[in-house]
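Visitor: One letter stands for each residue in the lines below.
There are 2 protein chains.
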Amino acid sequence: MLGGMQDWELRVPRLIDHAAREHGRREIVSRWADGTQSRSDWAGIARDAKKLAQALERMGCRPGDRIATLAMNHAHHLAAWYGAIGMGGVIHTINPRLFDDQLVYIANHAEDRVLLYDRQFQPIVDRLRERWTTIEHYVVMDGDGPDGFRATVDAEDGAYAWVEGAEREPCMLCYTSGTTGHPKGVLYTHRSSVIHALAGVATWLLNFSPRAVVLPVVPMFHAAAWGMPFAGAIAGAKFVFSAVNDAAVLCDLMNRERVTHSAGVPTVWLAMFAHMDATGEAPRYLEQATIGGSAAPRAMIERIMGMGVEVKHLWGMTETSPIGTAGTAPPGWDVMTQGERLDLIGRQGSIPFGIELRVIGDDGSEQPRDGSSSGRLQVRGPWVVERYFKADASAVDADNWFDTGDVALLHPDGTMQITDRAKDVIKSGGEWISSVELENAAVGCLGVAEAAAIGVHHPRWDERPILLVVRKPGSGVTAADIHAHLAAHVAKWWLPDAVLFVDELPHTATGKLLKTELRERYKDFRLEAA
Amino acid sequence: MLGGMQDWELRVPRLIDHAAREHGRREIVSRWADGTQSRSDWAGIARDAKKLAQALERMGCRPGDRIATLAMNHAHHLAAWYGAIGMGGVIHTINPRLFDDQLVYIANHAEDRVLLYDRQFQPIVDRLRERWTTIEHYVVMDGDGPDGFRATVDAEDGAYAWVEGAEREPCMLCYTSGTTGHPKGVLYTHRSSVIHALAGVATWLLNFSPRAVVLPVVPMFHAAAWGMPFAGAIAGAKFVFSAVNDAAVLCDLMNRERVTHSAGVPTVWLAMFAHMDATGEAPRYLEQATIGGSAAPRAMIERIMGMGVEVKHLWGMTETSPIGTAGTAPPGWDVMTQGERLDLIGRQGSIPFGIELRVIGDDGSEQPRDGSSSGRLQVRGPWVVERYFKADASAVDADNWFDTGDVALLHPDGTMQITDRAKDVIKSGGEWISSVELENAAVGCLGVAEAAAIGVHHPRWDERPILLVVRKPGSGVTAADIHAHLAAHVAKWWLPDAVLFVDELPHTATGKLLKTELRERYKDFRLEAA
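Protein chains in written order, with this note's numbering: chain A, 3 to 532; chain B, 3 to 532.
Because the hints were derived from the structure by calculation, they are not lab data. All C-beta atoms in this analysis are idealised placements derived from N, C-alpha and C, irrespective of residue type, glycine included. Be aware that a few hints might be false.
What the hints assert, rightly or not - In silico SDA-like pairs for lysine to any residue, Cα to Cα no more than 25 Å straight-line:
| no. | chain 1 | residue 1 | chain 2 | residue 2 |
| --- | --- | --- | --- | --- |
| 1 | B | K186 | A | D9 |
| 2 | A | K186 | B | K494 |
| 3 | B | K494 | B | G446 |
Said to hold, decoys possible - Which stretches of chain B does chain A cover? Using the computed rule of at least three CB atoms under 8 Å from a CB of chain A, they are:
| no. | region |
| --- | --- |
| 4 | 66-79 |
| 5 | 160-173 |
| 6 | 330-339 |
| 7 | 425-431 |
Pulled out of the complex, with its shape left as it was, chain A reads as follows:
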């Protein structure tokens, strides 16, 4: 027996239709790479998207085709998403910070037919054009010429009806660049994206409303900017995009456009703090700072909270669309001490409806939610990957559990805490030492700009931690200072056997510490048995 409700497929074009119809005058502000600024609105984005869909069809694109972007955040990138998806295509956001071989691999693997790119990435296009074997058309997002976005869409009349289809058809492709092997593509569906967006607007996740003014510092090529361009259409939020992520530019934009919601990785806030300290300026209208990508140090959370801004820790990954968990004020928030609040917000947050999480111990059994039993974090749900693009095998087990590669624990209140990446855990004498916790404790020491903890071979304990430290400019912090600071924050047997100062640390294209390279670099580092 079937129920008596309407069929209404969960398709992404419904998002832009809703935004254009119900929030059409809500602004979309773009600060371009050349320093100019332009204003559009949801109705304008919808118009451009329809025209782009026509232009893509004119170029020969058909439903299912991949349309790539190599672009920062701005209105044309937003219109490109909705236009490509609206003509039945799959928008493929490419991270311009990837290495050439990766850029070549993923565009060819995706079989992209069109590339829309920012002028600032012209050198990449010039270098790789010959190696990209499937791209037939190039459109310059911020170009003034006949191959520019504006000229391309303005040649069309916009009288266009979105391509209809089933909700389990794909709409978006994002590659994850692991530290080993080829990048893998996660192929989002209309259904997964719409459910993710519907869930995402809730107070405990993105906390969007029609009054929200959102500046996504996180790039649109990074896990779909955490789904904000879709969730924002549901809410009718105003967006403020910046094609450059300089703290002075962001702070100025935030204040001029009265930005209430920002979202980015922790390093964004390190730069913002430096700007605030140097100039005395600060974001004045901010209500919520969503931080994800990697864990925000406690001191950072405390400083932002001190500005009267709600800090929301978000955990997720490209494979989870990407929202997995997010911190939120629980029922007892009003009677919690500042210390309890910081402890709580320092974790990766609570599990929303739509996400199921479990932690699996070494013996393969599910760990209790006791705040101490850690293990491999697994996830499943309607916006979690089942199979990578073109993969022969499923990415999940028989019960749909996807192994995140993170090591985590669950607290009795249901909050989740990432303790490490599984491959970065330091295994000392059969016990696990969290490299992330060591690093977070270290950056709390005055004079430490950044720190990386890795395990190196030890004749007695198998592995022992060493700490690689980048000093803040002008700081004379010593190994003994750091050692003393750490001793007050971690167990004695976690203390690194050596503290080494370096000028800089290697990072992945998405800004994460490149531990594989560090382990390779220090593989011959010798510790002696104590």
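Following the hints, put chain B in place on chain A, whose structure we already have.
Guide: Only chain B this time, still in chain A's reference frame:
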């Protein structure tokens, strides 16, 4: 080409699983009809639901079977919903205020197999038991005997796995009692209920969060208590249920349990105001008052806003699950005058993602959003009815538009305003007079408790309005007073040709004015040509 995301059916049991797992200790408080109070939590509701599912199977129930309730709001009713749905059944909430013939019709039409009912409705059961031809088992929700809910569920061990199935299978059945003809059943699906709940928690609709403490004054038999028992499971809200809706009881409960969210029809607030005026007590922790079912008068909105409480006007109907539109603070809220805010909140709100609305004029064309062109309101979306239960014909047109029977207009900002029920509009000289607006204006007159405007035959204008008024106790308000008051609020040609005082007005089972009866009663009332 299909995308690479997981299949994860949108099934209602996932809601209670989520609530029990992530918000298990969040309380569910029940104030029973006999004045006692009990406390459970989401984990307790889930346990009872699993045991009830076992008990229902033991009674012979199978997936697809209808399980009926005749009950007020309390924890057992909540567990009954999740238990019946969890065993694959369809929960059928019966409105105990219906007339006997309707109660007989709908239980037989639904082919209910089990009835769970409150002791206070024992007289109904005694009267109708012989006429209900399909009900095999009776369970007393608040009964102490062997046929009581507690004994029934405690005989089971709770080791139960929810019945799995497709998301388009039905989960709930609600009948609408129109003013003519047999009630019609709306058969909600798992999919429609979960999408409705996911959408419903947003700030612009129910505005739920894990910190919300919700007292749904609206009964669970009235359009699924506006979906709150499902949306609340997503949010992990605390619920405070009362089996009686006396203002003194509600006010006391609200303050003792620190209720932040209430939801009910306007008359709830009339009673609460009387209680506040008489005792000096008031709900002290309330943050949001959601008002639906019929339009809240401006004076009511103003007084509640004056208490520092956000007023949310909700429009919907059983056929829309029921959320259609809801008022919310738009981007310009902070710079609006009090008068502008009242104008805005007095309307039925904005259109959320998932709902499409249009207004169709007399000539069948779509009306512009100009704030003045009214017509029949039509709606479609994933939680809107397609076909009534057992109906041969669809309830919608070829494009899925459902005609609500309301007359409405859309403002340029996208807010919707109900001006009347289509059948209650007064057609005077080819122009429309809104009976609802006349009534709202009349109750703003000192001394008027309730008012009903109906059209009666007029030899020259075809129809003219007359106003039937119930005075407040002790009030000596005259027809001239009311006439003078109305003259300041409505167009001159809208002024009623007669004002008649009556002791009371007839209402439907859901508390709405029974205009059909009034029109019948006054059909021979004669107005003379002026």
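Visitor: State for each hint whether it applies.
Guide: Taking the hints in turn, this is what the structure says about them:
1. B:K186 x A:D9: holds (20 Å)
2. A:K186 x B:K494: Not OK: A:K186 and B:K494 at ~71 Å, beyond 25 Å, violated.
3. B:K494 x B:G446: holds (17 Å)
4. 66-79: As far as the region 66-79 of chain B goes, the hint is violated, because 1 residues have Cβ atoms under 8 Å from chain A.
5. 160-173: n = 4 at 8 Å, threshold three: holds.
6. 330-339: holds (count 5)
7. 425-431: With 0 residues closer than 8 Å to chain A, the region 425-431 of chain B misses the three-residue bar; violated.
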